[in-house]
Amino acid sequence: MEYTAVIGLEAHVHLNTRSKAFCGCSTQFGSEPNSQVCPVCLGFPGSLPVLNRTALEYAITVAVALNCRVQEFTKFDRKHYYYPDLPKNYQISQYDLPVALEGFLDIQVDGKVKRIRIRRAHLEEDAGKLIHRQDISLVDFNRAGVPLLEIVSEPDINSPQEAYAYLTFLKSIIEYLGVSDCDMEKGSLRCDANISLIEKGQSGLGTKSELKNMNSFKAVKDALSFEIERQSELLSGGGVITQETRLWDAKGLRTISMRSKEEAKDYRYFPDPDLSPFTISQDTISRIKQSLPELPREKQKRLADQYGLSDYDAELITSSRQLADYFEECLKGYANAKAVFNWLSGPVLSELNSRGVSISGLNISPEQMVELVKFFQEGKITNLVAKDVLGQMIQSGKAAADIIEQNGLAQISDAGSLKKIIDQVLEENTKSVGDYKAGKSNALMFLLGQVMKKSQGKANPKTVADMLKTRLGGS
Amino acid sequence: MPLSKDTIEYVSHLARIELDAQELKEFSVQLEEIVNFIDTLKRIDIKDIPPTSHILPVNNIAREDKNRDSLPADKALLNAPQRKESFFGVPKVIE
Amino acid sequence: MQEQKLNSFSAHALLGKLDKKEITPQDIVSSLIERAGQVEQRINAYVRIEEAGGLSLAGASGSGRGESKLKGIPIAIKDNICTEGYNTECCSKILRGFKPPYDATVIKKLKQAGAVILPVKTNMDEFAFGSSTENSCFGPTRNPYDPERVPGGSSGGSAAVTAADEAIWALGSDTGGSIRQPACFCGVVGCKPTYGRVSRYGLIAFASSLDQIGPITKDVQDSALLMNLIAGYDPSDSTSVNIEVPDYTKSLFKDIKGIKIGIPKEYFVEGIDGQVKDIVWQAIGKLKDLGAEYCEVSLPHTQYAVPVYYIIATAEASSNLARFDGVQYGYRHPVQKSFKGQSLIEMYNMTRGRGFGQEAKRRIILGTFVLSHGYYDAYYLRALKVRTLIKQDFDRVFKEYDCIVTPTSPTPAFKIGEKTKDPLKMYLSDIYTISANLAGVPALSLPCGFTKKGLPVGLQIIARHFDEETLMRVAHTYEQNTEWHKIKPKL
Chain A
1 MEYTAVIGLE AHVHLNTRSK AFCGCSTQFG SEPNSQVCPV CLGFPGSLPV
51 LNRTALEYAI TVAVALNCRV QEFTKFDRKH YYYPDLPKNY QISQYDLPVA
101 LEGFLDIQVD GKVKRIRIRR AHLEEDAGKL IHRQDISLVD FNRAGVPLLE
151 IVSEPDINSP QEAYAYLTFL KSIIEYLGVS DCDMEKGSLR CDANISLIEK
201 GQSGLGTKSE LKNMNSFKAV KDALSFEIER QSELLSGGGV ITQETRLWDA
251 KGLRTISMRS KEEAKDYRYF PDPDLSPFTI SQDTISRIKQ SLPELPREKQ
301 KRLADQYGLS DYDAELITSS RQLADYFEEC LKGYANAKAV FNWLSGPVLS
351 ELNSRGVSIS GLNISPEQMV ELVKFFQEGK ITNLVAKDVL GQMIQSGKAA
401 ADIIEQNGLA QISDAGSLKK IIDQVLEENT KSVGDYKAGK SNALMFLLGQ
451 VMKKSQGKAN PKTVADMLKT RLGGS
Chain B
476 MPLSKDTIEY VSHLARIELD AQELKEFSVQ LEEIVNFIDT LKRIDIKDIP
526 PTSHILPVNN IAREDKNRDS LPADKALLNA PQRKESFFGV PKVIE
Chain C
571 MQEQKLNSFS AHALLGKLDK KEITPQDIVS SLIERAGQVE QRINAYVRIE
621 EAGGLSLAGA SGSGRGESKL KGIPIAIKDN ICTEGYNTEC CSKILRGFKP
671 PYDATVIKKL KQAGAVILPV KTNMDEFAFG SSTENSCFGP TRNPYDPERV
721 PGGSSGGSAA VTAADEAIWA LGSDTGGSIR QPACFCGVVG CKPTYGRVSR
771 YGLIAFASSL DQIGPITKDV QDSALLMNLI AGYDPSDSTS VNIEVPDYTK
821 SLFKDIKGIK IGIPKEYFVE GIDGQVKDIV WQAIGKLKDL GAEYCEVSLP
871 HTQYAVPVYY IIATAEASSN LARFDGVQYG YRHPVQKSFK GQSLIEMYNM
921 TRGRGFGQEA KRRIILGTFV LSHGYYDAYY LRALKVRTLI KQDFDRVFKE
971 YDCIVTPTSP TPAFKIGEKT KDPLKMYLSD IYTISANLAG VPALSLPCGF
1021 TKKGLPVGLQ IIARHFDEET LMRVAHTYEQ NTEWHKIKPK L
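Residue numbers (the numbering used here), protein chains in the order written: chain A, 1 to 475; chain B, 476 to 570; chain C, 571 to 1061.
These are calculated hints, taken from the structure and not from any lab test.
Among the hints, erroneous ones may be present.
Facing chain A, a subset of chain C residues (Cβ under 8 Å, in silico) [what the hints assert, rightly or not]:
#, residue
1, LEU585
2, ALA775
3, ALA892
4, ARG893
5, LEU941
No residue lacks a Cβ here, since even glycine has one placed at the ideal position from N, Cα and C.
All chains should be modelled from the sequences, with the hints used to inform the complete structure.
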C-alpha cells in the first residue's frame, strides 16, 4: 500500500516591534527574568490592553508579501485555557476575523515550482516562559505579550522536503521584510505540523497527528520523515491512527505521544471587549504593497541578470537579505562580481558559520572588504594569506592594508627571495626530490606545499611551481 | 435547556473550579432555574439583527510602538504566593 | 443649636471652609474617624480597618495641597479600584492580601486634583457580583436607615458611608446598577457615567463592556464636581472615548423649562412596590411643576434586559476572573507535592473552589456555560443581538426626548437574607438599572422621598450618550426644589 503524506504547517513568528503587542514593555531577548513586565502583560487585575499599531502594520506587511487577502475589518478575540505561563488564562488572539486570509507561497523543490496555499495569518500575544526544576516550575513573563504572527498553511505540503522548502522560503521572505529575525534557536520562529497519510491517488485527509517541539527546520524535516514511517507502518499492519499530539524527541530521533488526556479543546472564543475592532483601508494596503522591499525571488533573479551569476549562486547570495545587500554594496566599489561573490560565498560565509554571526556581526564595512578582495585579485597577497587577513580583520578591526604591512604579508614573487626558500626546501626534502625525478609528479605539490609553509603562505604559488619545475627538470 | 449535573461538572472543570457535592446539588437547581429564565430570549426574532460587541462605534484604537517603563521585578513579584529568585514559582508542571 | 459636624457636610461646602482656612483636611478626617467610631460597628461599611491600623490619614496618599482643586478632602474608594500600596481585594478571599503595584487612572487623577485617598476601602459584593453587599467575605453592610436591611449593592459600602456621614463622598462602580441601586437604598446620589466616559484602567473588571466607575455623593453638586475630575480620555484604556469633558458644574444652575421627559410604561408594570410607584409619580409631577414636559414612551425590550445582562455579564466575568488562580497573587490553596503532575490542576481547582464565594462561582459557571462550544450561538451570540435591540429602544426615544425618568428600584431596601436563597429573585431586583448599562447610556439616581417605614426611594434619570449635563441639570433642579437631600438617617 502506498501512501501520500498530507502536511499542514503552523508557523508562529515573533514580530520585532520595539514594544509588546498590548503594552510598552520592551521585547528584547535574554533579559533578567521578570524585568520587562508591567501590570498589562502580567495580567494584573484592572489592567487593560492597547494594541501596538506597528504590530498590526507588520502583520499586514507579511500578509501582503504572502499574497493574502487582507481583511477590511478585523478584531481580537479571547482564547481561554489555563496554564501558568498565560497570565490572564486567556490569550488575546484572533478567531473568525483575522488580519489576512487566502494567500500562497510558490516553493521550489527539485527544480519544480509548487504552490502552497496559506489559509490565514493572524496576530496574537505570546505567553511567558516556564523553566522546570526539581520540585518546582518557574515562570518568567518577559516574553508574555510579545506580538506573534501565526501563519497557517493549507495541507498542500506532501513531503518533508517540501516542508523544509516552505519554511526556509517563508523565513527568508519575512527576514527580507525586516519584521522578524525568524530565528528558531532564539524562539522567534516556532513551527508545529499536522500530518496524516492517505492512500496514494486518493484525496482528502487522514487522521492526523499534531507534531510539536521541533526546534529547527531540520528537526521539522526529520520529525515529518519519522512520522510518515511510523504512520505507514501502523496503517500497513492494519492499525488505526489516533488523533493526538506528539512531541519530537531530538535526542532519540522519534515522536512521542503526549500521554495527557486528549480532550477536545474548548477555547470559548469571544470578541475581546477591551479592544476596539480595526478597519484596514485599501489605501493602507496599497501603501504597504508599494513600500515592500525587493523580495528574495525578485532579488535573486535581478542579481543573476545584472551580475551574470548562475541561478544557484544567486540563490546562495540572496539566502539572507543582509548578505545580498552587502554583496551589492561591495560591487559599488569594485565591479568584479564573480570575484566578490566567490570571496563572500567562500571564506566569508565560512567565517560567519564558524562564528555563528551574521554579516553585520563581522564589523567589516563593504569598502574594507573590497580592499581585501582587490589585494588578492591583484596578486598583492595570496589566497591563503587573504583568508588569514580576513580573520585578523575580524579580530582586530584593522584595515587590510595595515595588517598586510605590519605583518609583512605581501606576496613574495621575486625570484631572488623565492630561490632562497626553494633551496632550503630542496635540501630538507631530498626524498621528495628523488621521487619527483623518478616520475612521481605528486611530489611537486608536496614540495610546493613546503615552500608555501616555509614562506608563511606568502610565496606566489605559480611562480614557485614554475621555478621548481625548472630546477628539477622535467615537464 | 436544563443544566444537568454532568454539564455543571464539565463546565466547572472548564472553569477550574472544584465544587463539593453540596454545591453541585445546589447549583444544579439554581442554575437550571436561571437558564430557564434566560431561555426567554429564544422567543425573540433576531433575524438580521447585528450583534453588539462594542457599544460605541469606535475603531482603530492603537498606540505608538514606544517603550514605556516596566515594573521592577520586586514590584512584579510583590504579591507572589511563591517566589524563587526572580521567578514566580508554581507546582512542578509535567508535560 | 448644635454645630454641624464636619463629616456631615458635602464636599463643596467643605471646600469653602478649607478655602477660608477655617478648617484643615485633618479636621475633616478626625470628624470622619469620630463618626466611624459611633456607627461603623453597626454598619460595617469599611473593610479591613484594623489591618490598616484604623481609619486615619496615616499612610493615606494624595498631596492635599492647599492650592489644589480638592484641597485635601478625603474620598472613600470601593474595594475593586486599584490603589498602589493599599490592599485592593474586591472583598474576596481569592484576592486576600493583594496590594496593586499601580494606581487606577481615576485615583491618579484624584490625587493630582488634591484629594486624599482613604487607605481603608469600602465594602462590596465580592467582585461586584450582587445587589445587596451580602456577598462580601467581610460580612454584609447594613443600611444606615434600617440596619436590618441591605444598603443595596454591589457598591453598598460606598453608599452607606456616604449616607451615614462616615465619608464625605465615595467612588463606586456600576455594571448593572451597582452605583445607582445602593445610592437609591441609602438615600444618596449615585451616577453611572456613559460607557467610555471614565477610564476603567485600574478597575478590577467584572463585565468589560458594561463596567463604569462613578461618584456616590450627598448631593448633585458633589456628583458634578467629582465627574469633572474623573471623566476624560485615557490612552491606557482602549474603550475610553476621546471627547472633551465639559464643566458639569455649569449645568447645575439651569432650569428645566422645556425639557422633554419620557416615562417608559414598561417600568410601571406589576412587581413595583405601591409606595415606590406613588412617590416616583409625585416626583415626576414635581418635575412638571418645574417646567419639564413628560410623556409616556415605550422601551419594548425592557423585559429581556435581565436575561441579556446575565448572559453577557457572566460571560465576560467568567473570562475576566480566569486569571485568579494563585499563580501570581492572592490566595493559593496549598497542594501536596507533585503527584503525576496533578498538583497544578489541583492548585487551580482548589484555589478557585475555596477562594471564590458562592455567587462568584455561580456566575463563573453560568458565564463559562454560555460561552462553551455548542451553546455560544444560542446564548452569547443571541444575547449580543438582543442587546442591539435594547440599545435601539433608547436611540428611538432619545430622538424625541431629552431624558428618561424611572424608579431606580421596584422596591425599597429589602431585609438582609431576604433574597439570598434565591439568586434569580436577586437578579430581578436590577430590572430598572440594567438597561442603561446595556445601552451604554449615562444614568443617575437621587432621593425623591421615603416610604412609611422611612426607607429612601430613588428617582432614576437616564440621558443620551455623553449627555451627563442633562442628568445634572434635571437632578440638581429637582433636588434644590425639594428637601430630600437634607434628610439624614437616624443613627
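Hint check:
1. LEU585: Constraint on LEU585 of chain C not satisfied, violated at 29 Å.
2. ALA775: holds, 7 Å
3. ALA892: This hint holds: ALA892 of chain C lies near chain A, its Cβ roughly 4 Å from the closest one there, short of 8 Å.
4. ARG893: Holds. Min distance 5 Å.
5. LEU941: Cβ of LEU941 of chain C sits 4 Å from chain A, so the hint holds.
The structure is inconsistent with hint 1 alone, although it conforms to all the rest.
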